[in-house]
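Enquirer: In order, the protein sequences belong to chains A and B.
Adding 206 to a residue's 1-based position in the first sequence gives its number in our numbering.
Adding 432 to a residue's 1-based position in the second sequence gives its number in our numbering.
For the record, the hints were derived by calculation from the structure and aren't laboratory data.
Each hint should be verified, as a subset may be incorrect.
As the list claims (entries may be wrong) - Example chain B residues on the side facing chain A (calculated, C-beta under 10 Å, incomplete):
1) Gly461
2) Pro490
3) Leu495
4) Ile499
5) Ala523
6) Ser525
7) Gly559
8) Arg585
9) Asn682
10) Trp686
11) Phe704
Ideal Cβ positions, reconstructed from N, Cα and C, are used throughout, including at glycine.
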Amino acid sequence: MVAAPDVTRPPHRSKPPAAKARRRLSWANLRRGGLPYLFLLPAVCFELLVHVIPMLVGIWISFKQLTQFFIRDWSAAPGAGLRNYRIALNFDNAVGKQLLHSFFVTLSFTVLVVALSWLLGSGAAVLMQDRFKGRGLLRTYFLVPYALPAYTAAITWEFIFQRDNGLLNQIIVHELHLTKTAPFWLIGDNSFTALVITAVWRTWPFAFLVVTAGMQSIPGDLYEAAAIDGAGVWQRIRKITMPSLRPVNQVLLLVLFLWNFNDFNTPFVLFGSVPPAQSNLLSLQIYDTSFQNWNFGSGAAMSVLLLLFLLLVTAVYLVATNRRKSTEHV
Amino acid sequence: MSDAVKHRSPTAPPRSFIWTRRIALTLLGLFTGIPLWVMVSSSVKSLVEVQNAFHWLPTHLTLSPYIDMWSTVPLGHYFLNSAIVASCSTAVSVVIAVFAAYAVSRYRFAGRKVFSVTVLSTQMFPGILFLLPLYLIFVNIGNSTGIQLSDTRLGLIITFLTFTLPFSIWMLVGYFDSIPRDLDEAASVDGSGPISTLFKILVPAALPGIVTVAVYSFMTAWGEVLFASVMTDDSTRTLAVGLRDYASQNDVYWNQIMAASLVVSIPVVAGFLLMQKYLIAGLTAGAVK
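Kindly produce the complete structure, drawing on both the sequences and the hints.
Expert: Structure below.
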């Protein structure tokens, strides 16, 4: 069902070691040996162009005092040493304080969105595991938010969150009479809630999709055996479904974390380039530093710090989950 | 429910489960559906109506937003820009990825692992990391060679490769790996060279996968906001940024925004739903990997 790329691919059979040993330096052999590189050449060129070189340039400019005066000729920008990093990490001054603040905003945003999306996604997947009328249609329907372009989804939510003519205030003020005065949703404390709701709306279908696919690889006789032994449906979910999904969930949670931590589309469309402080995610903060304040050196330093953090989280997560897996098999 | 009563097989769910399912799925259905309803219903309302308190149903059904949206902002132009940029970056990355995936899937060579890890890891990096340097590189290229890249479609196509390319390579390696090697070995025994093996055996066999990758790349490019907001100007603006223009100083044309949002969503949602089966298999394989 799932065309999973296999980690441990069997060694290529057409090239046994014996053939390798006999290989001589001839034009034909050279062409054969060079062939994979030839196929890879365009990809490597473009990888260099869009990933490797920009990353190196990014690291380089993070050590430069690159402001708007040097954009035209940024190689002439004076060196800044570690200054950009010192400023970003000095939590007593304004820039550092703001960065730290948006780091915690981003972290809580990400944790909330990942947790809620995972709960909704696996909940729906578990409940929809058995056949019932309309299941296929409902599955397709649930995927629509994920299929929509990110900005149309966020724009629609922006409309829902409008203070005077939005749907949300219509419901809570005029239909349910929860409050007398209509609250603002896109500025102030509520903006964080608005951001989380919008992100969850778009993210949970993906969790649903992945968990659903993961469940298809659980053998059905496992459930039958458990049922014959007298296990109820809730017990089967707890004892069979959830443990079987563990490897799937491990990857899913990491992917969701990285996506949401890097999310730019949702807050940018919802709030514009200057978000309320309560919802100032890191990607917006870096965007702001770079393209609103034209301080590229500082923006680059922040990007590098963000990358280091993500690498650290990923490494720790992978080590932690792998260790558990390997002790399990002992 | 009636089938649960009729034959109670040992795995038949109990009532508590069925009711939990009904309630939970109804709530999720509402959560999913309300924004969609807001989109649809607001797109057939008059401007006065969308500027006043929200109503679930339009009091005056009008199709004028669907007509006016093309002239309020140059939507057609933005549409064209998005279509060109998204399809070009998709086409380029899929073609490059087919060759790269062939090499990675079918050959052992020094540097294979390094290449795979690089491709995979760039997928998790934040876009902002590449945006900043790419912007500066483009400015520099423009200054030193006169080739304008920022604010052009070509520049945007290149920047979109930062996310379409690694994704395409990674997915296609997966698809090629799932095709039995016996097939291309048989072809090479029959005297078929590497290139013709690729195009006669692997590409046809992986065609659903290739189409899926293309559809998904197109979708991501169609929905991209970050690069589009920096790398475009008035003439090259894509839909992602262009829909902002419906908000003028005095009025926000919410009815036209919703109509335009629906129209620009239709191509990708249709593509997604048509390719649903393959997309899900591919995406989840990528994620589960």
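Enquirer: Going back to the hint list, which numbers does this structure go against?
Expert: 2, 3, 4, 5, 8 and 9
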